[in-house]
Structure formats: C-alpha cells, structure tokens
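Novice: Place chain V on chain S using the hints.
Going down the list, the protein sequences come from chains S and V.
First residue of the first sequence: 10, per this note's numbering; consecutive thereafter.
First residue of the second sequence: 2, per this note's numbering; consecutive thereafter.
Calculated from the structure, these hints are not laboratory results.
Treat each hint with caution, since some may be false.
[What the hints assert, rightly or not] Computed cross-link-like contacts, SDA-like style, restricted to lysine to any residue with a CA-CA straight-line distance of at most 20 Å:
no., chain 1, residue 1, chain 2, residue 2
1, V, K66, V, G160
2, V, K104, S, P107
3, V, K104, S, E105
4, V, K96, S, E46
5, V, K151, S, P107
6, S, K115, V, D89
7, V, K66, S, P107
8, S, K115, V, E73
9, S, K61, S, E46
10, S, K115, V, M111
11, S, K115, V, V64
12, V, K96, S, L111
13, S, K115, V, G185
[As the list claims (entries may be wrong)] Cβ pair distances, simulated, as ranges:
no., chain 1, residue 1, chain 2, residue 2, range
14, V, P118, S, S54, 55 to 61 Å
15, S, R55, V, E126, 53 to 59 Å
16, S, T122, V, A114, 23 to 29 Å
17, V, Q193, S, S54, 56 to 62 Å
18, V, F24, S, R52, 43 to 49 Å
[Said to hold, decoys possible] So these bits of chain V aren't anywhere near chain S, every CB distance computed over 10 Å:
no., residue
19, E22
20, T91
21, T113
22, D158
Because the structure is a prediction, the values reported are computed rather than measured.
Backbone N, C-alpha and C define an ideal beta-carbon position, used for all residues, glycine too.
Chain by chain, the residues run as shown.
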Amino acid sequence: MKLHRCAGLLFAAFLSAAAALADVKGVTNLPTFTAEEMELINRDSRLMLATKTCAWRLRRALDLLEDINQSGGRAHVPAEPLLCAPAEDGGRASGEGPFDLLQILKEAAGQQTNRSIEVGR
Amino acid sequence: MSDADVFADRSRLMADLDMIEIFRWYRMVFAERMVSASDAQDEELFATLRLEATYQLAEFYYVLKAREIQSESQIRMLAELHNGYIADLTRDQAKMDRLGLNKDRLLNAMFTADTLPRLLQNWRERPGAFDQSNLARLLAIVMSAETCRKVVVACADVGFLLRERTSYGTIIIVSTGRLESILGGCLREARQRIAGLSGELQPKEP
Numbered sequence: 010m011k012l013h014r015c016a017g018l019l020f021a022a023f024l025s026a027a028a029a030l031a032d033v034k035g036v037t038n039l040p041t042f043t044a045e046e047m048e049l050i051n052r053d054s055r056l057m058l059a060t061k062t063c064a065w066r067l068r069r070a071l072d073l074l075e076d077i078n079q080s081g082g083r084a085h086v087p088a089e090p091l092l093c094a095p096a097e098d099g100g101r102a103s104g105e106g107p108f109d110l111l112q113i114l115k116e117a118a119g120q121q122t123n124r125s126i127e128v129g130r
Numbered sequence: 002m003s004d005a006d007v008f009a010d011r012s013r014l015m016a017d018l019d020m021i022e023i024f025r026w027y028r029m030v031f032a033e034r035m036v037s038a039s040d041a042q043d044e045e046l047f048a049t050l051r052l053e054a055t056y057q058l059a060e061f062y063y064v065l066k067a068r069e070i071q072s073e074s075q076i077r078m079l080a081e082l083h084n085g086y087i088a089d090l091t092r093d094q095a096k097m098d099r100l101g102l103n104k105d106r107l108l109n110a111m112f113t114a115d116t117l118p119r120l121l122q123n124w125r126e127r128p129g130a131f132d133q134s135n136l137a138r139l140l141a142i143v144m145s146a147e148t149c150r151k152v153v154v155a156c157a158d159v160g161f162l163l164r165e166r167t168s169y170g171t172i173i174i175v176s177t178g179r180l181e182s183i184l185g186g187c188l189r190e191a192r193q194r195i196a197g198l199s200g201e202l203q204p205k206e207p
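Excised from the complex, chain S in its bound form (with noise of 0.2 Å):
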C-alpha cells in the first residue's frame, strides 16, 4: 500500500477508534510507534498532532490498520472489553448506577439503605 493512501486510511481508522475508545484516564505511559509508523504519522500533520493529543487512540488506530492489511482488507474488529461501555451509552463507565439500581430494588423489597454510599474512609 503505498504511503500517501495508508496515512489516509490510517486517519480514517484513527476516527473511527476516536468514536468508539477512549483513553484510559490516568494512564500516563505513552504508546510506542515503529520507525516505520512514525514515517506514515510524520507526513501527516494530523497524525503528528494525535501522537500528542491522544497517543493510545493513535496506537489503537495503528494496530486496527495493521489487521486490515493481515486480514486482506477486511476489518477484524476485536470485541470491546467489558470495562468500555458501548459508544452509544456515552461511555457509562460509572460504577454509581449498577449501584443506585441494586439500592432502589432493595427498598421496593421494603429494606432500608443508605443511598449515599461512603467511598473512602
């Protein structure tokens, strides 16, 4: 694939993980690229500005390119793990609502709670 088309089709896999991933917060570490992929990211400005912006979004985009290319084209989308919620629930990662859920049945049940849960101590 030659190198101009590949940037774009990166970008365009870049967008569609940008959709349905987000970064992990608190994750410091950045992702590393090959000499290789840094040659594609590096002749687009846009890439260039990801590895800053949102470098494991990049990454992401980078490894779902490279199953693209070892599949013959065809997308092999890894199912999203349980701690990403699906896109179209805006990222309900919260662990409040299961929790809020499990206290409203217990007091349709006629126990009491305590709604306000204590976190830390």
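Specialist: Only chain V this time, still in chain S's reference frame:
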C-alpha cells in the same frame, strides 16, 4: 490508614490479591457459563452475551427474584422509587455527567400516566412480564434503550428470555429463569471463595 500501610502486611496483601482474582473470576465465569448454557451457537450472540450490559440485565433479574419482588404493589413501589431517583438525578448535573446521561434521556425513562398502568397491567396479567420499553426504563441508568433492546434480543435468541409480540404491537419480555440461576451460582461460588480467604474477610449480612 495510609496508602503505604495497605502494603505492609504480606499475608493480608496476599488475601487482597486473591480478592481481586475472585472479582475477576466471577465476571469471567459468568460470561463463560452463559455461553455454555446458550441454546444457540453463534459468535455474534456470544459477543453480546459478554457485554457489561448483559451482566446488568442478569443482575437486575437476579435481584428481582432474590428479593422476592413479585407483587403488583412491589412493582408499583419499584416504579415510584425509580421515578423519584430519576427526578433527583435530573437536578444533579454533575452526577448526570458522571453517568453519561442527559436530561431528555432521563425524562424518557420516567414512568408516566400512560406507561405506569401498562407496567402494572403486564405484571398483573403475567407476573414477571415487562413491556420491553418499560424494562429499558428501569435499566436506563445502566444502559441505553438501544443497548437494552440488543441485549434482550440476544438473550431471547439463546433461550434466557421469552420475547413475545402482543396484538397491541408491544413486546413483552419474560425471563425463563436461566440467567438468574447462572448468576446466582457464580455469586454463591465467589462468596464461598471469599469466605475461604481469611477470618477478617468473612462476609456478613447487612
């Protein structure tokens, strides 16, 4: 207790690590057992069964059964508590943001003068039966209506739920009980494993 103290006692630390493993084992084995118990053999369905939303649905049905929420008055109480919670939530922008919810979506999740009677009528005619849209309302704080539909369809396809279209054009959902049994079995085993970690971690009834 300072952060450093948590790592000071090696034996307690090992028990803490075992606890993490049990948490993870519980969720892993629940997904595996759902797949094993499935009536269908379809990888796409299995992928949906492994979603967090499917776990949430199973937990909802399990708690309904375990807490013996069976009568029409209890379902009415559940709907009223749900509405009260949603109303409070719409006034708490920070919490709405944390939960990834907006006001419009929450207002749609409330039971109204139109939808509450249908919830109660369905339950009265067939205990355990929810209209699919009402089930989505009750689960709105943990998943979108779209995700609820997707998960319910998958669970029906593998034999965990019955999904029937009525003459009014609505879709009624009834559990076959298998999902609750699988979750209950995993939960029981996880609790026994936790109880076996050490004396200080014995679970107690609230």
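Novice: Now, for every hint given, state plainly whether the structure supports it.
Specialist: Status of the hints after comparison with the structure:
Simply put, V/K66 and V/G160 have alpha-carbon atoms about 18 Å apart, close enough for the 20 Å limit, and the pair holds. At most 20 Å may separate the alpha-carbon atoms for a hinted pair to count; V/K104 and S/P107 meet this at roughly 19 Å. For the given pair, V/K104 sits about 17 Å from S/E105 by alpha-carbon distance, which is consistent with the 20 Å threshold. Restraint check for V/K96 and S/E46: not satisfied, since their Cα atoms lie roughly 40 Å apart, outside the 20 Å limit.
Taking the CA atoms of V/K151 and S/P107, the gap is about 19 Å. The hint holds against a cut of 20 Å. About 18 Å separates the Cα atoms of S/K115 and V/D89, which keeps this hinted pair within 20 Å; it holds. The hinted pair formed by V/K66 and S/P107 meets the criterion: a straight-line CA distance of about 17 Å does not exceed 20 Å. Proposed proximity of S/K115 and V/E73 is supported: the alpha carbons are some 16 Å apart, at most 20 Å.
Between S/K61 and S/E46 the CA atoms are separated by roughly 15 Å; this keeps the pair inside 20 Å, and the hint holds. For a cut-off of 20 Å, the pair hint linking S/K115 to V/M111 stands: about 19 Å separates their Cα positions. Between S/K115 and V/V64 the CA atoms are separated by roughly 8 Å; this keeps the pair inside 20 Å, and the hint holds. Between the alpha carbons of V/K96 and S/L111 the distance comes to roughly 17 Å, so the proposed pair stays at or under 20 Å and holds.
Under the criterion of a C-alpha separation no larger than 20 Å, the hint pairing S/K115 with V/G185 is consistent with the structure, at around 17 Å. At about 59 Å, the CB distance of V/P118 to S/S54 agrees with the hint of 55 to 61 Å. In this structure the hint that S/R55 and V/E126 lie 53 to 59 Å apart at CB holds, the actual value being about 58 Å. Distance hint check for S/T122 and V/A114: the Cβ-Cβ separation is about 27 Å, which falls inside the suggested range of 23 to 29 Å.
A beta carbon spacing of about 58 Å between V/Q193 and S/S54 agrees with the range 56 to 62 Å that was offered as a hint. Hint check: V/F24 to S/R52, Cβ distance near 45 Å, so the stated range 43 to 49 Å holds. The beta carbon of V/E22 sits about 16 Å from the closest Cβ of chain S, which is more than 10 Å, so the claim that it is off the interface holds. A cut-off of 10 Å between C-beta atoms confirms that V/T91 is not in contact with chain S; the least separation is 14 Å.
With a cut of 10 Å on Cβ distances, V/T113 stays outside the contact zone with chain S, its closest approach being about 18 Å. Every CB of chain S lies more than 10 Å from the CB of V/D158, the least distance being 17 Å, so the non-interface label holds.
The earlier numbered hint that this structure contradicts is number 4, and it is the only one.
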